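K.L.:
The sequence shown: position 119 = 158 (the working numbering), numbered continuously.
Source of the hints: derived by calculation from the structure; they are not laboratory data.
No experiment lies behind these values; they were computed from the predicted model shown.
Careful, some of the hints might be misleading.
To be verified - Label-pair restraints from in silico Cβ distances: (1) 62 - 195: 22 to 30 angstroms; (2) 91 - 112: 24 to 32 angstroms; (3) 180 - 76: 17 to 25 angstroms.
Beta carbons: idealized from backbone N, C-alpha and C, even for Gly.
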Amino acid sequence: MKKFFTFIFAIIVAFIPGIIGIFFTPHGASNMWYNSLLKSALTPAGWVFSVAWTILYILLGIALYLVISNKKARVNKSHAYWLFFGQMILNALWSIIFFGAHMAALALLVLVMLIVVSIYMERAFRPISRAASYLVWPYIIWLCFATYLNATIMFLN
40 MKKFFTFIFA
50 IIVAFIPGII
60 GIFFTPHGAS
70 NMWYNSLLKS
80 ALTPAGWVFS
90 VAWTILYILL
100 GIALYLVISN
110 KKARVNKSHA
120 YWLFFGQMIL
130 NALWSIIFFG
140 AHMAALALLV
150 LVMLIVVSIY
160 MERAFRPISR
170 AASYLVWPYI
180 IWLCFATYLN
190 ATIMFLN
């Protein structure tokens, strides 16, 4: 039963940046700013972002669970936890800066920092749980795509 609650806890923790982001993502009338921007031809439909982020947060939650639950790891896990926490802060901060403050250039800088921290997180996860480190890669790849989209918006507007 403890493993189940640890798993649920890890999933919930992984979703925190997304929950924070919901408050800054445009809806209804406030969507006018985002809709008015020139975007890349590769920008997916809005629903794709929701599905992608849901999958990515689940993968990150599973990765966190694997790190938490590996009692045999001979590595101090605190570094991995701090990096996970750091990427969560940067992830939430991006939504606030991009959607809340409409600052695409600063948001781009945050995304680059987020990619760097996420790569370090993946490396910190690897000696604890190789599976956890593999689960981080789809997130990193999506962040690279998001960086391209953010940069395109910055340059076109």
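K.L.:
Check each numbered hint against the structure and report the violated ones by number, ascending.
P.N.:
Nothing - there is no hint that the structure violates, so all of them hold.
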